[in-house]
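Q: Here the protein sequences come in this chain order: L and E.
Following my numbering, the numbering of the first sequence begins with 5 at its first residue and continues without gaps.
Following my numbering, the numbering of the second sequence begins with 5 at its first residue and continues without gaps.
For the record, the hints were derived by calculation from the structure and aren't laboratory data.
Any given hint could be a false lead.
If chains are identical, the list can't say which one is meant, so a pair holds when it fits in one copy or spans any two.
Stated by the list, open to error - Restricting the straight-line Cα-Cα distance to at most 30 Å, the calculated cross-link-like pairs of lysine-lysine (BS3-like) are:
(1) K157 / K86
(2) K82 / K157
(3) K211 / K82
(4) K211 / K188
(5) K76 / K188
(6) K76 / K157
(7) K86 / K76
(8) K188 / K157
Remember, predicted model here, so these are calculated numbers, not experimental data.
2 protein chains.
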Amino acid sequence: MSATVLPGPGNEARPPVVRSGAERNSIQSVDRALLLVDTIAELGGEATLTELANRTSLNISTCHHLLATLIKRGFVMKVPGKRLYALGGRILHLSHACLQVDLPRRAQPYLEAVNRVTGETVHLAALQGDAVVTLAMREARHAVRVDTGKLGKIEAPHATAHGKAMLAWLPEDEMRRILAHGMKRFTENTITEFSELVEALRIVRRKGYAVDREEFLPGVICVGSAIRDQAGTVIGSISASAPSMRATDEHIALMRDEITAATRALSAEFGGPGAQSADRQRAIAV
Amino acid sequence: MSATVLPGPGNEARPPVVRSGAERNSIQSVDRALLLVDTIAELGGEATLTELANRTSLNISTCHHLLATLIKRGFVMKVPGKRLYALGGRILHLSHACLQVDLPRRAQPYLEAVNRVTGETVHLAALQGDAVVTLAMREARHAVRVDTGKLGKIEAPHATAHGKAMLAWLPEDEMRRILAHGMKRFTENTITEFSELVEALRIVRRKGYAVDREEFLPGVICVGSAIRDQAGTVIGSISASAPSMRATDEHIALMRDEITAATRALSAEFGGPGAQSADRQRAIAV
DNA sequence: TTACGCAATTTCACATAGTGAAACTCATAT
DNA sequence: ATATGAGTTTCACTATGTGAAATTGCGTAA
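Using the sequences and the hints given, assemble the complete structure.
A: Structural data, given as structure tokens:
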């Protein structure tokens, strides 16, 4: 930590940076990288390398290294053609995850409503990484009820209403990643052909909801629909499960109406496709 | 880089991590920190320290250091009461900045419309850090026109329609920070008392737009209204500026109607308060 | 209450990994 | 062409991040 100037190739004397107080337990390079992200945002979402180096008082080379790392992780992107660094797509992905945190809380009243009207077991699910996970539920009141057990990972997205409702709105690469575990057969109704699933998802998109007719559990029929935000990104889904003994066409139609009403309202809460597409959905329904 | 085990307090032999290929020009600690953020998101927005350490295969201590830095910068927060790390508020702020990037593009047609109907100079502005900045404009067609010069930082948020329109919807601490430069007097109409400005902003909120009656430039009257997204966060504002010779009550009402129609439509595009509050705004207007 | 076990936090010595001056390359203006 | 300035890469040095272990703190059981 001497102040002596040691002339040498590639490295002149560095001013001794004494880390004090709050800086004690924070990692310099990480702190600087995050500072860069903040600075890009302050500059209106786009900035040149030199601008950033000046505003942050960082060495331009250090800036460049840090930005390279941020780019690798998608937190920052280079504007094609222009010499600009901009906030990356990962930021938007993360903000979706932020909103998902209070999805269960916001969904609670809707789950109760669907449960009250249909009388069936109702689940809330969401995507977590490559997995479909159930986050909350309301038990059916009937003596004969569907009990798919506790909350947690759904192993069969291709064979459940939740899975199909959400898969339908994903970009293809993400859909394939979630299906990477394969499409195992559970019942004679299970869809095990990829092309067949693609067609089924097309119908889900058109109708706005998905139906599982004993494709996972024999004797259990589910209706599910996705919750989507402003960008159309899937943030979750709601489903109702009925034993097939109760699943008349009429009862399924009731579940479908309640479920889609709930997901439409929730989607609207998250800024998603709400009223405007509701009529279209209703017009096409069944 | 020897494989020799050097037993010593506080540090056992570290496996030699050979950085290769793409990892060559990325900074380890930053990369790991960003990996942690991604991982929290994958885990549904919340995770414990041990979970994170396991999933990322990072030393729990390293994790802790990295998380401390992320917390310091607001990218991650600790869930109060619980032993959980969650995505922080900064992420949402950043996503707003992301959307702002294409604000000028999306606003362009509206600026043209307001310009066409009112015939006056029209500006688009946004918040960048602590500053109010004009991003785009359309010149008036009249021989006598308002020419506030080029785009760039607005030095007097308290004395302009843009400034007041946006300040009105900010949380108090942010509003105070933007006003930190003081409230300089420009004309005899300039609001220089903080309490008076607070009252003025209250009216802006109620009416949905702001008017600058020669508060900044003598002989210039502006009408502005904020563009807000789903969370109600201000993402920009549009204003029209007329020379006072043309600013009859009728003309101001026309500008007000055009401006609020434009910001209402744009707000809706960003998932903000659109149709639902429009009627209320119109009912109260002037 | 006290004791237990596990999770979170802090410490600390070492050597790797980050830093920044300078060299180099590329793009744009003159 | 040639100059200017921005962006990128290199490289030597040591400040900085790392991780095993010690410490502290929390939650739960007895």
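Q: Next, verify each hint and record whether it holds.
A: To see whether the hints hold, each was checked on the structure:
1. K157 / K86: between (43 Å within a copy, 22 Å between copies)
2. K82 / K157: between (36 Å within a copy, 25 Å between copies)
3. K211 / K82: neither (39 Å within a copy, 41 Å between copies)
4. K211 / K188: Answer is within; shortest intra-copy Cα gap is 25 Å, inter-copy 59 Å.
5. K76 / K188: neither (35 Å within a copy, 46 Å between copies)
6. K76 / K157: within (29 Å within a copy, 32 Å between copies)
7. K86 / K76: Classified as within; 18 Å inside a copy, 32 Å across copies.
8. K188 / K157: within (16 Å within a copy, 60 Å between copies)
In this structure, the earlier hints numbered 3 and 5 are contradicted, and the remaining ones agree with it.
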